[in-house]
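Asker: Sequence:
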Amino acid sequence: MSIVHEKIALEKFEELAEMAAAARDAALAHLKMESPALAERVAALLAADQQLQDRLPTTPPPAAPPAPDLPPPPRVGVYRITELLGRGGMGEVWRGERDDGLFDHTVAIKFMRSRHSSAIAHESFEWERRNLARLQHPNIAQLYDGGNLQDGRAYLIMELVQGQAVDAFVREHRFSAARLLQLFAGICAAVRAAHQALIVHADLKPSNVIVTTNGDIKLLDFGVSRLLGSGAGLRAPSGSETPLTIAYASPQRGRGEPPGVLDDIYSLGVMLHELLTGTRPDPAARSPLPRDLAAIVARACHPSPADRYTAVADLVADIDRYTSFRPVSAREPTRGYLLGRFVRRHRGGVAFAATLFVGLVTATTVSSSLYLQAESARQRANKRFGEVRQLSNFMLGDLQQQMFSLPQSLELRRSIVARGQSYLDQLAIDPSAPVEVRLDAIEGLVTLAEVQGVPGGPNMADTAAARRNLDRARTIANELIASGEISPRVYIALARTEIDTAAIVAARDNKPAEAATHLQIARSAIDAAAAAGASPKDLTRYGIEWRLRRADIANWASEYPRAMTQAREALALLVSAPAGSLPERDLAVMKARALDLQAEATYYSGDQAGALQPYREEVEILEQAAATAPRDTIIGSNQLRAYWSLGTTLLQVQQYADALAPLSRAVALGRELTIAEPKDGEIARKAEIAFAAYGQALGLNNRHEEAIEILSDTVARRSARRASNSTEAVTTRDLAVSLAMLGDELAQAGHRSQACVNFANARAEFSRLQVEGANPALNDDASRNRLRESEQRYCAHD
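Reading the sequence shown from the start, the letters are residues 422 to 1219 in my numbering.
Derived by calculation from the structure, the hints in this document are not laboratory data.
Keep in mind it's a predicted model, so treat the numbers as computed, not measured.
Treat the hints with care, as some may be off.
[Stated by the list, open to error] Label-pair ranges, simulated between beta-carbon atoms:
1) A442 <-> D637: 36 to 42 Å
2) S725 <-> S1204: 42 to 48 Å
3) A438 <-> T527: 31 to 37 Å
4) A734 <-> P711: 58 to 64 Å
5) D1007 <-> A438: 35 to 41 Å
6) Y1077 <-> A1185: 49 to 55 Å
7) D572 <-> D521: 22 to 28 Å
8) S904 <-> Q1073: 52 to 58 Å
9) P711 <-> A442: 40 to 46 Å
10) A903 <-> D703: 54 to 60 Å
11) V996 <-> Q1073: 26 to 32 Å
We treat Cβ as the ideally placed atom computed from N, Cα and C, and that holds for glycine.
Make the full structure from the sequences, and use the hints.
Answerer: Dropping the structure here:
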């Protein structure tokens, strides 16, 4: 049994050990139905506990069943507490009757049990309250209010749901499969609504789904859910802190990983099988379900998340296909299967057509048949070749764009890109492969590199893999150009490759001069694409992208006038771009980037106050974009940087109190994005930078202890990252900056000796960058200058 399972068993043992014998036996029997292995372990713990008590002569006789730790108050607000409805591992649920005379209203009030008053328990209860307050759906039990009692216990006032658990309801009524699928659709609607609110349930099971006396579905108990977008000041419970029911949990949840959308889909698959058959699915046994339904359950419950449905809507769509006798996506679309589904939908027409077809076949000559077979084979081969290209390009293009608003999709997007790229690679290695296919391969490699580790967008921080794929793309492009290929596509692909390489070299290696060389190649490729007749749309997009990257690298090299020029040129092109030449999201993000680069050049040129206006314009643009696409990670990532930029600039112009608001928003958004996309290295780094800046702002607002705690944590995490990845200069630079910031705060708080140690360590890290040639224009580096000033102020006498 794993550590996670053992922890659950111990928690269950503690809960059952307090019960009377009859109640304990009933609870153990119910647990055995849900998870035989867990029940067996809990029973063993109970037996060992009883054996120990029997051996101790001083053990007192069994006492009466213990009462709850603390009774509920007589009333909560306008509600009078009347009767206990039930107990759970974390709380008690009581009936509340409104008695203020305005109107009658009966509710369920859930109190945290006092014996679960740890910080984690309180956090989970607070999580439930915030989650439910965001959910408005007819199939989800509604939260009305919440708060804390004087003794510290938290409570929720919720809709009182009366009815039966869905499994008991189904056993009693014995519905047809069609009716059961309708019932299951209501469950899916509730879960889908929660996912759209960036919430996962994390403990879906029949006992948490009630069929009311009116026949409606109500989904209960979001107390164990994990919010995918957190609020300020809160931390989502981790996987090991989040309860679960093993019988309905995915393998990943069973190993203690944090819950996600795909884990809820796994639980839905288990529930679907149980509603239809009365048993949970057994991978080792043949499913009693029809093949289509068995395939749907198998995909939902696949051990690998990458092979499950990516959203509840996809699961529901397959069920709809099944009920309308259409092919389901969970099955291989063989010719026989597709034909069978067609015949099932059109029985009468197929029978008539079959009669005519037999007569036609009888009249066909042998020679014509042979000719048609050969022609058909050739057409099928060409069709399959085109379909593979079309599918791969969809996976690498449109589908990627559509998934930016799907929580925790980065790993899935990487898998999709890699799968699509493998198709194209198989075609491209053929010496006779058409040029168009090899161009598809280049574009696929660049897209895969961007998902893996190109700075500026969502990526998995796998810079080494990104470099390898960009090198492969460059090789294929140069081979095509050397062979005389002058297609605009090859030059645009080469430009993309060089622009992305420049971003890595500048941001990860701190080598702007080398990055500028790659951009020179990219500029030549864009010009060649224009001469070869590239579309205005491509020339506009990559001309703007080139200028944005050039401005970024100029800022890295302290060439602020050049950065200002390129940023203004990019902004002018964006303002004058023809309607429809860029998607609205891309247009907003590019405008924000141009303003950010312009503000950065202004700031580092010495005019910090002058940088405030473009930073505020950037924030406004991104807030408007986020309002229309609240879960888009590209918008969110840029918005996080904009809040941080504005806040840190306000600090520099000594508007310390005003800086707290944008930096606090940056920290909150950083938490949301990190939870929504935990494997995105770019977002994680931006969130960490914002967190450190918030600590600095707290110090400047005389909240020194909070600031030192935050900055010490930042130094510890960056030290660990540098130790595990010392080849990237950015990890050394990040550590040096955070050491200097912590030193400043320690000095302000009066801890001068500790401050000077941090200053010396920061100086050593900056010197390391200089020795490695990874930090040019060092005398002009703002962080190094601030460090030098701080050492002179606080440590000159040492």
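Asker: For the hint 35 to 41 Å, verify it against the beta carbon of D1007 and that of A438.
Answerer: 59 Å, violated
Asker: Can you let me know if the beta-carbon spacing of D572 and D521 is within 22 to 28 Å?
Answerer: 23 Å, holds
Asker: Is it true that S904 and Q1073 lie within 52 to 58 Å of each other by Cβ?
Answerer: Holds - the Cβ-Cβ distance for S904 and Q1073, about 54 Å, lies within 52 to 58 Å.
Asker: Given a hint of 42 to 48 Å, does the C-beta separation of S725 and S1204 actually sit inside it?
Answerer: 44 Å, holds
Asker: I want to verify a distance hint. Is the separation of the beta carbons of A438 and T527 within 31 to 37 Å?
Answerer: Holds, since A438 and T527 (Cβ atoms, about 33 Å apart) stay within the stated range.
Asker: Between A903 and D703, does the C-beta distance stay in 54 to 60 Å?
Answerer: 58 Å, holds
Asker: State, for the Cβ atoms of V996 and Q1073, whether the hinted interval 26 to 32 Å holds or is violated.
Answerer: 29 Å, holds
Asker: May I ask you to test the hint 58 to 64 Å on the CB atoms belonging to A734 and P711?
Answerer: The hinted range 58 to 64 Å is violated for A734 and P711, with Cβ atoms some 22 Å apart.
Asker: Just to be sure I understand the hint, the distance between the Cβ atoms of A442 and D637 should be within 36 to 42 Å; is that true here?
Answerer: At roughly 37 Å between Cβ atoms, D637 and A442 fall inside 36 to 42 Å, so the hint holds.
Asker: Within 40 to 46 Å or not, the Cβ separation of P711 and A442?
Answerer: At roughly 45 Å between Cβ atoms, A442 and P711 fall inside 40 to 46 Å, so the hint holds.
Asker: If you check the beta carbons of Y1077 and A1185, does the distance land in 49 to 55 Å?
Answerer: Violated, since Y1077 and A1185 (Cβ atoms, about 30 Å apart) do not stay within the stated range.
Consistency note: the structure conflicts with the earlier hints numbered 4, 5 and 6.
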